[in-house]
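For the sequence shown, position 135 (counting from the first letter as 1) is numbered 135 according to the UniProt record's numbering, and the numbering increases by one without interruption.
Don't take every hint at face value.
Stated by the list, open to error - Ranges between beta-carbon positions, derived for each pair:
{"hint": "1", "residue 1": "28", "residue 2": "143", "range": "28 to 38 Å"}
{"hint": "2", "residue 1": "68", "residue 2": "149", "range": "26 to 36 Å"}
{"hint": "3", "residue 1": "30", "residue 2": "68", "range": "23 to 33 Å"}
{"hint": "4", "residue 1": "168", "residue 2": "71", "range": "32 to 42 Å"}
{"hint": "5", "residue 1": "172", "residue 2": "81", "range": "10 to 20 Å"}
{"hint": "6", "residue 1": "47", "residue 2": "149", "range": "29 to 39 Å"}
{"hint": "7", "residue 1": "173", "residue 2": "6", "range": "16 to 26 Å"}
{"hint": "8", "residue 1": "43", "residue 2": "101", "range": "17 to 27 Å"}
{"hint": "9", "residue 1": "72", "residue 2": "174", "range": "27 to 37 Å"}
Said to hold, decoys possible - Distance condition first, Cα-Cα at most 25 Å in a straight line; then the derived BS3-like pairs of lysine-lysine:
{"hint": "10", "residue 1": "181", "residue 2": "126"}
{"hint": "11", "residue 1": "181", "residue 2": "2"}
{"hint": "12", "residue 1": "2", "residue 2": "126"}
{"hint": "13", "residue 1": "9", "residue 2": "181"}
Worth flagging that the hints you see were computed from the coordinates, not collected in a lab.
This one's a predicted model, so the numbers in the text were calculated from it and none came from an experiment.
Note that the Cβ used here is the ideal one computed from N, Cα and C, for glycine as well.
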Amino acid sequence: MKNIFMGPKINLAVPQPEDFDEISDWYADGNFVRNLDTAPARPLSGEDLEQTYRNLNRETEFYFHIRANDDDRLLGFVTLYNIDWHNQLGQLAIAIGDAEDRGHGYGTEALNLMLHYGFNELNLYKVCLDVIATNQSAIAVYQNSGFEFEGTNQRAVKRDGQRIDLYNMGLFAEDFQPRIKFN
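Produce the entire structure from the sequences given, and follow the hints as far as they go.
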């Protein structure tokens, strides 16, 4: 039987208490936070982040840390949340923390592992996400993994006095074509 949490380069892991201090460093990077969320950027302590994790609704949110297989280094996090079990829908969020770790395929691999998990383990019919229009690298990863544009919330995000669109993207289970080989 294959390990649904393990890919060629990364694995989806249980968050460890010591991880949250490292993630706190990522939240001190304004560019990281501003690409991750539409909320105002603000640093968060490791304690704040760990408390948020402890308060997750375990019935509707599945949150994992992304770790490198070769050295167990923390790379990022991925979550399926706001799961609507009746309609088999979920929302996805993903982030690779350190800029040096981006562009190496870790995000694509983690996204594909999480989509495989969502469609095959959680039996979701569709996974949706929102992405800020200026986050072109994330959009490319999502499109490469099969997500399609479903709508635009025009000028929904305000950054540096400018109004930016927020794209809504979705992927149906039957359209998911994994981009990685599962172990």
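Going through the hints against the structure:
no. : hint                  : in the structure
1   : 28 to 143: 28 to 38 Å : 30 Å, holds
2   : 68 to 149: 26 to 36 Å : 31 Å, holds
3   : 30 to 68: 23 to 33 Å  : 25 Å, holds
4   : 168 to 71: 32 to 42 Å : 36 Å, holds
5   : 172 to 81: 10 to 20 Å : 18 Å, holds
6   : 47 to 149: 29 to 39 Å : 38 Å, holds
7   : 173 to 6: 16 to 26 Å  : 21 Å, holds
8   : 43 to 101: 17 to 27 Å : 20 Å, holds
9   : 72 to 174: 27 to 37 Å : 35 Å, holds
10  : 181 to 126            : 21 Å, holds
11  : 181 to 2              : 11 Å, holds
12  : 2 to 126              : 23 Å, holds
13  : 9 to 181              : 10 Å, holds
Comparing the model with each earlier hint shows no violations; every hint is respected.
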